[in-house]
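Participant: Here is how the chains run, residue by residue.
There are 2 protein chains.
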Amino acid sequence: MIINLAQRAHNRNWELDPAVRSLLDTDFYKLLMLQFIWRHFRETKVGFAFLNRTRAVRLAGEVDATELRRQLDYARTLRFRRSELIWLAGNTFYGQRGIFAPDFLAWLEEFSLPPYELGEADGQLTLRFSGRWTDVTLWEIYALSIVNELRTRHALARLSEFELDILYARAKARLWSKIERLREGGACAPVADFGTRRRHSFLWQEYVVTAMATELGACFTGTSNAFLAFKHDLEAIGTNAHELPMAMAALADTDAALKQAQYRLLDLWRETYGGNLLIMLPDTYGTTQFLRDAPEWAADWTGIRVDSKDPVMAGEEYIAWVEFRGRDPGTKRILFSDGLDVDEILRLRAHFGGRVLDAYGWGTLLTNDFRDCHPRNLPDLEPISLVCKLAEVEGRPAVKLSDNYLKATGPAEEVARYRAVFGTAGVANIPVRV
Amino acid sequence: MIINLAQRAHNRNWELDPAVRSLLDTDFYKLLMLQFIWRHFRETKVGFAFLNRTRAVRLAGEVDATELRRQLDYARTLRFRRSELIWLAGNTFYGQRGIFAPDFLAWLEEFSLPPYELGEADGQLTLRFSGRWTDVTLWEIYALSIVNELRTRHALARLSEFELDILYARAKARLWSKIERLREGGACAPVADFGTRRRHSFLWQEYVVTAMATELGACFTGTSNAFLAFKHDLEAIGTNAHELPMAMAALADTDAALKQAQYRLLDLWRETYGGNLLIMLPDTYGTTQFLRDAPEWAADWTGIRVDSKDPVMAGEEYIAWVEFRGRDPGTKRILFSDGLDVDEILRLRAHFGGRVLDAYGWGTLLTNDFRDCHPRNLPDLEPISLVCKLAEVEGRPAVKLSDNYLKATGPAEEVARYRAVFGTAGVANIPVRV
Numbered sequence: 001m002i003i004n005l006a007q008r009a010h011n012r013n014w015e016l017d018p019a020v021r022s023l024l025d026t027d028f029y030k031l032l033m034l035q036f037i038w039r040h041f042r043e044t045k046v047g048f049a050f051l052n053r054t055r056a057v058r059l060a061g062e063v064d065a066t067e068l069r070r071q072l073d074y075a076r077t078l079r080f081r082r083s084e085l086i087w088l089a090g091n092t093f094y095g096q097r098g099i100f101a102p103d104f105l106a107w108l109e110e111f112s113l114p115p116y117e118l119g120e121a122d123g124q125l126t127l128r129f130s131g132r133w134t135d136v137t138l139w140e141i142y143a144l145s146i147v148n149e150l151r152t153r154h155a156l157a158r159l160s161e162f163e164l165d166i167l168y169a170r171a172k173a174r175l176w177s178k179i180e181r182l183r184e185g186g187a188c189a190p191v192a193d194f195g196t197r198r199r200h201s202f203l204w205q206e207y208v209v210t211a212m213a214t215e216l217g218a219c220f221t222g223t224s225n226a227f228l229a230f231k232h233d234l235e236a237i238g239t240n241a242h243e244l245p246m247a248m249a250a251l252a253d254t255d256a257a258l259k260q261a262q263y264r265l266l267d268l269w270r271e272t273y274g275g276n277l278l279i280m281l282p283d284t285y286g287t288t289q290f291l292r293d294a295p296e297w298a299a300d301w302t303g304i305r306v307d308s309k310d311p312v313m314a315g316e317e318y319i320a321w322v323e324f325r326g327r328d329p330g331t332k333r334i335l336f337s338d339g340l341d342v343d344e345i346l347r348l349r350a351h352f353g354g355r356v357l358d359a360y361g362w363g364t365l366l367t368n369d370f371r372d373c374h375p376r377n378l379p380d381l382e383p384i385s386l387v388c389k390l391a392e393v394e395g396r397p398a399v400k401l402s403d404n405y406l407k408a409t410g411p412a413e414e415v416a417r418y419r420a421v422f423g424t425a426g427v428a429n430i431p432v433r434v
Numbered sequence: 001m002i003i004n005l006a007q008r009a010h011n012r013n014w015e016l017d018p019a020v021r022s023l024l025d026t027d028f029y030k031l032l033m034l035q036f037i038w039r040h041f042r043e044t045k046v047g048f049a050f051l052n053r054t055r056a057v058r059l060a061g062e063v064d065a066t067e068l069r070r071q072l073d074y075a076r077t078l079r080f081r082r083s084e085l086i087w088l089a090g091n092t093f094y095g096q097r098g099i100f101a102p103d104f105l106a107w108l109e110e111f112s113l114p115p116y117e118l119g120e121a122d123g124q125l126t127l128r129f130s131g132r133w134t135d136v137t138l139w140e141i142y143a144l145s146i147v148n149e150l151r152t153r154h155a156l157a158r159l160s161e162f163e164l165d166i167l168y169a170r171a172k173a174r175l176w177s178k179i180e181r182l183r184e185g186g187a188c189a190p191v192a193d194f195g196t197r198r199r200h201s202f203l204w205q206e207y208v209v210t211a212m213a214t215e216l217g218a219c220f221t222g223t224s225n226a227f228l229a230f231k232h233d234l235e236a237i238g239t240n241a242h243e244l245p246m247a248m249a250a251l252a253d254t255d256a257a258l259k260q261a262q263y264r265l266l267d268l269w270r271e272t273y274g275g276n277l278l279i280m281l282p283d284t285y286g287t288t289q290f291l292r293d294a295p296e297w298a299a300d301w302t303g304i305r306v307d308s309k310d311p312v313m314a315g316e317e318y319i320a321w322v323e324f325r326g327r328d329p330g331t332k333r334i335l336f337s338d339g340l341d342v343d344e345i346l347r348l349r350a351h352f353g354g355r356v357l358d359a360y361g362w363g364t365l366l367t368n369d370f371r372d373c374h375p376r377n378l379p380d381l382e383p384i385s386l387v388c389k390l391a392e393v394e395g396r397p398a399v400k401l402s403d404n405y406l407k408a409t410g411p412a413e414e415v416a417r418y419r420a421v422f423g424t425a426g427v428a429n430i431p432v433r434v
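If you read the sequences in order, they're chains A and B. All the letters of the first sequence, read from the start, carry residue numbers 1 to 434 under the working numbering. All the letters of the second sequence, read from the start, carry residue numbers 1 to 434 under the working numbering.
Don't read these hints as lab results, they were simulated from the structure. One or more hints might be untrue.
Same chains, same names: a pair is fine if it fits in one copy or spans any two.
Claimed, not checked - 25 Å max Cα-Cα, derived SDA-like pairs, lysine to any residue:
id : residue 1 : residue 2
1  : Lys231    : Ile3
2  : Lys231    : Glu163
3  : Lys231    : Glu161
4  : Lys332    : Gln7
5  : Lys407    : Gln7
6  : Lys231    : Leu251
7  : Lys231    : Ala416
8  : Lys231    : His351
9  : Lys407    : Ala420
10 : Lys231    : Ser160
11 : Lys231    : Leu5
12 : Lys231    : Arg39
The model shown is predicted, which means the values in this text are computed figures rather than measured ones.
Given these sequences and hints, build the entire structure.
Facilitator: Structure below.
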């Protein structure tokens with residue numbers, strides 16, 4: 001066999017093995033939200049804060065700060081490539097071409113990530129991003145996937161070559177059994193990859209996504225990862241996230257304006273994107289109050305994403321609301337996206353399939369399920385709950401209540417003020433899943 | 001990434017992907033037996049016949065005769081390489097250097113495989129090798145591993161790239177669970193690879209053997225495959241097989257000489273190799289009669305290989321015999337080699353460990369255990385029972401009785417004559433395992 005000398009030397013000596021290879025390697029909805037922010041909040045200043053919710057894992061001992069700095073610095077050198085911008089301009093998203101405007105793409109061409117603040121405290125990493133919202137917002141996903149992948153590499157560095165091979169053999173066998181179960185009985189639950197931020201690594205996510213695309217056919221509806229969608233001709237999936245209502249709430253000057261902020265966002269979103277991306281995320285300040293007090297036109301939206309409430313309860317609540325508002329639930333989309341794995345997907349499919357247009361955004365347990373795969377049974381590769389959340393907007397704290405008391409974020413007094421405005425109807429106290 | 005253009009072109013266009021890459025790629029005991037035959041039976045003419053004992057599998061439909069011919073023809077072009085001959089001359093086998101004599105090695109340098117006769121009948125392949133025993137005997141293992149690997153490739157050709165990846169992921173996960181079970185509780189059963197003839201493929205055997213060597217340490221005692229022992233600095237394991245007593249029995253002119261042939265072989269073997277390779281294979285014509293009527297000096301041999309009898313019965317029978325002859329069983333080796341898998345190894349280890357020097361020659365279910373690994377649950381990769389046996393010697397049929405009626409080979413009338421001479425004490429009727 002002729003050795004590829006160049007490849008071998010490169011493999012052993014590379015200066016950096018990037019965890020993030022492209023600015024497109026982010027959740028597609030971040031790009032939609034970025035255009036929205038650039039259009040309506042171009043000068044707004046915000047801060048994002050990184051947090052490890054799995055406090056038992058002392059992250060600073062598993063992720064080397066110097067290596068993290070090199071990866072973050074490398075991400076700052078990235079620019080959108082010409083082919084990527086052409087794809088954003090020319091591709092069809094949610095059935096619509098030209099969703100990204102030429103002036104926004106021209107701005108994106110000049111885009112690069114701003115500086116970050118990295119430190120350590122109590123065995124945890126502290127990582128903050130501050131500045132114009134348009135500059136800062138994309139950091140969220142890159143930071144999360146970089147930290148996750150460095151944690152993975154730290155664990156892998158302790159394994160022998162055979163142990164590494166077995167680790168991936170087990171994870172692939174696990175993935176295949178999930179694919180087989182999804183195919184069984186022809187349930188064809190429409191699943192999409194939502195696992196970029198919590199992925200084991202970029203290459204593993206790419207393996208998982210291409211395996212699903214090849215083996216599930218039309219039942220695999222796409223990926224939230226814009227780079228993988230670009231590279232493998234898949235549908236890019238996702239519309240918006242909590243940061244939008246959180247920012248608009250923080251900017252509200254009165255309690256009345258605060259209560260209305262969640263609907264003002266919907267209005268502004270519809271104005272920006274028209275009829276193709278109308279998926280509501282009603283749980284930011286509690287789903288029950290959101291639906292109860294929503295304007296009449298909200299019932300015309302395509303559907304909702306369920307994220308922090310018991311999914312059966314949330315789905316039933318939405319169906320009842322749709323019917324009460326005189327619309328047909330059979331035309332409405334419910335996208336489940338909280339802590340899914342194959343059992344849960346099949347359970348929800350059995351419950352909701354046929355009654356609504358159900359869909360499943362599968363995250364951590366799709367792209368980072370190495371539970372019980374470690375060849376020496378160490379916990380190094382168990383997924384942990386990392387987030388990078390909007391923390392402040394123009395100097396005011398950002399607050400999320402969610403449908404789960406334990407998922408509320410923000411300073412205690414602000415959370416209390418928000419609860420007084422929004423109430424706590426339908427909010428539960430359930431363990432936070434990955 | 002820079003593509004290795006040469007490798008890529010070679011991968012896609014190679015003339016032949018050999019199943020057997022070296023004349024050393026055979027069971028080490030074939031080389032010991034070859035030197036023995038060359039020393040004592042240089043002009044003896046024999047015939048070997050290939051047989052698929054798994055009749056339900058129509059082998060001619062799974063192994064293309066043209067491709068088989070190309071592989072067999074390729075094997076005929078092989079010569080022992082200089083480095084391989086130097087290894088045979090200079091390496092230590094069973095604690096002894098210089099086990100292969102210079103005149104034999106000089107002969108081996110000129111060795112090449114003789115012609116073969118290939119045909120088809122009733123959906124099965126017919127394959128015969130006839131000529132001088134010294135020329136023909138090595139064909140056995142090459143023929144078996146070639147046919148097995150071509151059957152594997154036929155099955156693999158029907159799988160997609162992902163399915164192939166999953167197949168091997170599952171097989172690796174299976175192998176690892178076996179390794180883990182062998183390590184549990186520190187049992188350290190001394191296992192060796194005996195799986196060349198029934199292997200899934202050469203590369204898989206190499207993977208399995210190097211994984212075992214790396215992960216089991218001293219509890220992995222070596223491999224029967226001389227090429228893998230050479231390539232990976234492992235112990236080459238094995239002494240002799242049924243073809244020797246079968247040939248000497250066939251050459252016997254009287255019933256008395258027939259009965260004594262099994263002991264004449266022992267005498268001649270000891271004369272040839274001295275004290276280092278004295279493992280008896282007592283089951284050729286029934287273990288019970290062999291031990292009962294053995295000459296006194298047979299009790300001085302190092303041990304036995306158990307192949308066709310219930311292993312607990314065979315081991316106990318041998319231990320009782322050793323004690324009856326006034327020797328210490330704790331100094332004796334029992335090598336189990338029939339249809340082993342990890343459960344059976346651990347069971348026999350629990351039964352015999354500490355009482356004798358137990359050892360385990362692990363074959364088919366080490367190098368070809370793809371049961372339930374097929375991603376579409378097809379049976380293509382279930383191992384089948386292929387053999388290539390000595391069929392005749394100087395025009396006389398070769399006969400084996402074994403400890404199992406179902407494993408007897410030879411024409412019915414000859415089997416009957418042998419049974420009259422040897423008796424059937426202790427012979428059982430148990431299903432033939434892989």
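Participant: State for each hint whether it applies.
Facilitator: Structure-based check of all given hints:
For the homomeric pair lysine 231 and isoleucine 3, the shortest alpha-carbon distance between copies (18 Å) is at most 25 Å, but the shortest distance inside one copy (28 Å) is not. Proximity of lysine 231 and glutamate 163 under a CA criterion of 25 Å is satisfied inter-copy only: 22 Å between copies versus 30 Å inside one chain copy. In this assembly of identical chains, the alpha carbons of lysine 231 and glutamate 161 lie at most 25 Å apart only when taken from different copies (18 Å versus 29 Å within one copy). Taking the closest pair of Cα atoms, lysine 332 and glutamine 7 never come within 25 Å of each other, the shortest separation being 51 Å inside a single copy and 53 Å across copies.
Proximity of lysine 407 and glutamine 7 under a CA criterion of 25 Å is satisfied in neither setting, with 46 Å inside one chain copy and 53 Å between copies. Taking identical chains as interchangeable, the C-alpha atoms of lysine 231 and leucine 251 are never at most 25 Å apart, the minima being 38 Å within one chain and 71 Å between chains. Proximity of lysine 231 to alanine 416 under the C-alpha cut-off of 25 Å is found in neither arrangement, the shortest distances being 45 Å within a copy and 71 Å between copies. Taking the shortest alpha-carbon separations for lysine 231 and histidine 351, neither the intra-copy value of 35 Å nor the inter-copy value of 58 Å comes in at or below 25 Å.
Taking identical chains as interchangeable, the C-alpha atoms of lysine 407 and alanine 420 lie at most 25 Å apart only when both belong to the same chain, with a minimum of 17 Å there against 85 Å between chains. For a Cα distance limit of 25 Å, the shortest separation of lysine 231 from serine 160 across copies, 20 Å, qualifies, whereas the shortest one inside one copy, 32 Å, does not. Within a single copy, lysine 231 and leucine 5 get their C-alpha atoms only as close as 27 Å, which misses the 25 Å cut-off; across copies the closest is 23 Å, which meets it. Proximity of lysine 231 and arginine 39 under a CA criterion of 25 Å is satisfied in neither setting, with 28 Å inside one chain copy and 66 Å between copies.
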